[in-house]
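Chemist: Next come the chains, spelled out residue by residue.
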Amino acid sequence: MASSPGGTETRSMRLNIGPSHPAMHGVIRLVTELEGEKVLRVEAEIGYLHRAFEKKCEDSTWSQAIPYTDRLNYVSPLINNFGYCAAVEKLMGIEVPERAGYIRVLMSEISRITDHLTCIGATAMELGAMTAFLYLMKAREYLYDIVERVTGARLTVSYGRIGGVKADLPEGLAEDLPGTLDAVAREIGEVDRLLTRNRIFVDRMRDVGALSRQDALGYSITGPVGRASGIDYDVRRDFPYFVYDRVDFEVPLGERGDTYDRYLVRMEEMRQSMRIIRQCLDRLPGGPVRAGEKEKVVESFELVDRAKRGRTAGLVGIECTLPPTLGGAERAVYDRVMAREKRTALPVKADTYANIEGLMNHFMLVMDGHGVRPPAGDAYFAVEGANGELGFFVVSDGTDRPCRVRVRPPCFFAMAGLHKMLEGGLVADIVATFGSINMIAGELDR
Amino acid sequence: MKPHSGDRPGPVASGVERVVAWAQQYSLFVYPFVTACCGMEYMSTASGHYDMDRFGAGLPRFSPRQADVLLVVGTISHKIAPVLRRVYDQMCEPKWVVAFGVCTCTGGFYDNYATVQGIDTIVPVDVYIPGCPPRPEAVLEGIMKLQTKIGRQRPVLLR
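Protein chains in written order, with the working numbering: chain P, 2 to 447; chain C, 107 to 265.
Source of the hints: derived by calculation from the structure; they are not laboratory data.
Computed from a prediction, not measured in an experiment: that's the story for all the values here.
C-beta: ideal position from N, C-alpha, C; glycine also.
Errors might be hidden in some of the hints.
To be verified - Computed cross-link-like contacts, SDA-like style, restricted to lysine to any residue with a CA-CA straight-line distance of at most 25 angstroms:
(1) C:K185 x C:Q196
(2) C:K185 x P:G48
(3) P:K56 x C:G213
Stated by the list, open to error - Here chain C is said to cover these stretches of chain P; the calculated rule only asks that three of the stretch's residues, wherever they fall, bring their Cβ under 8 angstroms from a Cβ of chain C:
(4) 26 to 34
(5) 41 to 55
(6) 141 to 152
Said to hold, decoys possible - Covered stretches of chain P, as calculated for chain C (at least 3 residues, CB under 8 angstroms):
(7) 72 to 81
(8) 124 to 138
Go ahead and model the full structure; you've got the sequences and the hints to work with.
Modeler: Structure representation (structure tokens):
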């Protein structure tokens, strides 16, 4: 409470923004203290989307935890999948095949683009630029089509497996992907022309919600928000995983750390991601997917029938028909995307159907109380998520269920430092700043 | 739970009532209560590619008082549940609720201490769209089902 010279009493006002607010993508509550339009104090209350990720992981087997990782950062689920799988692989000492590494990088970068598209689109929409949102959603739809072709799902993909990926790339993808990337680049270019030098947009973004390098370091903020503040850190470059050390890309940096810099960093990262995808396509070991030799393929029910009657002669190394959901896991390509590890990799379906070793191996991996059993110990593995360093700390006590799966969610740290960006600004700028952080409630609250 | 008045049974609708029901059917003002992953599919459905606007439900209203369909998109935890109920209570009649995604239908695979096991424990639901998340095609079918339902209901008229 303060008195102005005229004798009128002024008081600050407390305003509650969220948890259900049009400009809050995701559920979070900001308790703000305002003096007129000026923000004096901000407190973020989180936990509205707590879904007991850790508890559910402890309840499920090591492989069953993968679908829960999809729903951490649901804008880029593939990166989460691979991050968790890589942590378990590190714990078990498994090397993934080179081709699986390339596929992981390729799919991660597609996910990163969809994430940035959504973030920029939503921010622009909240500032009133609905057109940009629709253009970017169009571009995202092109990428979802690719994701669907590869994984079978648009969003919650569960494509990663401990030891590799679920299936090889589908036929014809290598030919179609460059065209899709061109279409996405065209949309991004259009939005670039609409927004980057747009006076209204720049006025709303420039010097708004600035975060100093010191503060960003202090709150251990990584990813586009950290890089916009000038922290030259990218897990992909500094601690290369999968095959990131074999592709060329640049890590864009901002100078002022404001909302506009975050926008520019994200725009540039999408271009770099496309560069990485093109390199991966060129260097994919094993080349594009070949169609299996058709004459050797046996119907799967016939194979099971023959095996049950003991007529197993000539069934070794045979190929069988697979339902569409298992496409890309044929014998000819399976070894290229899964580590040859009986401890984690399900055998080729034809082996499960036709011979006892395959059947036993299959059951040992799917039966309750058996399954994937990493040795007792712990491992931390970090990947560069779309929002920053996404780390998985997995602890095993030697059983088939994780003892603990702890996530280092990148937005959690950005939310901790949120008040540094908002305090002293205007209440209308909360929308722009908050949008540019790309808070994802799924990974924030877990 | 008390059914809301949109559900009230009655004799065959009069001509005026039929016209009102028809009008309500094709001018849905949706309040998207977006919490989680399904929001991504909601965005896809609302954008140009799948274009929910074709069904007269294109304009989201972020104020409960301006909306007549509450689209509950994403997992509802026990912490957000009172907020959902409050938003529902603030909406004017006639109002309908769509449960978007399996978390809102039954709790989905989040069968744990934090998640509400189906929003029909909090608010009455008219249409359930299962899927984790549902594909945009499924969402559009759910919207069409809701329209059919609205068309069959006897609207509340001021007398």
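Chemist: Indicate, hint by hint, whether the structure satisfies it.
Modeler: Status of each hint after checking the structure:
With a CA separation close to 19 angstroms, the supplied pair C:K185 and C:Q196 stays within the 25 angstroms bound. With a C-alpha separation of about 7 angstroms, the suggested pair C:K185 and P:G48 falls inside the 25 angstroms cut-off, and the hint holds. At roughly 16 angstroms between alpha-carbon atoms, P:K56 and C:G213 fall within 25 angstroms of each other, so this suggested pair holds. Only residues whose beta carbon comes within less than 8 angstroms of a beta carbon in chain C count, and the region 26 to 34 of chain P has 3; three or more means the coverage holds.
With a threshold of 8 angstroms between beta carbons, the proposed coverage of the region 41 to 55 of chain P by chain C holds, since 6 of its residues qualify and at least three are required. Coverage of the region 141 to 152 of chain P by chain C holds in this model, with 3 residues showing a Cβ closer than 8 angstroms to a Cβ of that chain against a need of three. Counting residues of the region 72 to 81 of chain P whose CB lies closer than 8 angstroms to any CB of chain C gives 3, which reaches the minimum of 3, so the coverage claim holds. Counting residues of the region 124 to 138 of chain P whose beta carbon lies closer than 8 angstroms to any beta carbon of chain C gives 3, which meets the minimum of three for the stated coverage.
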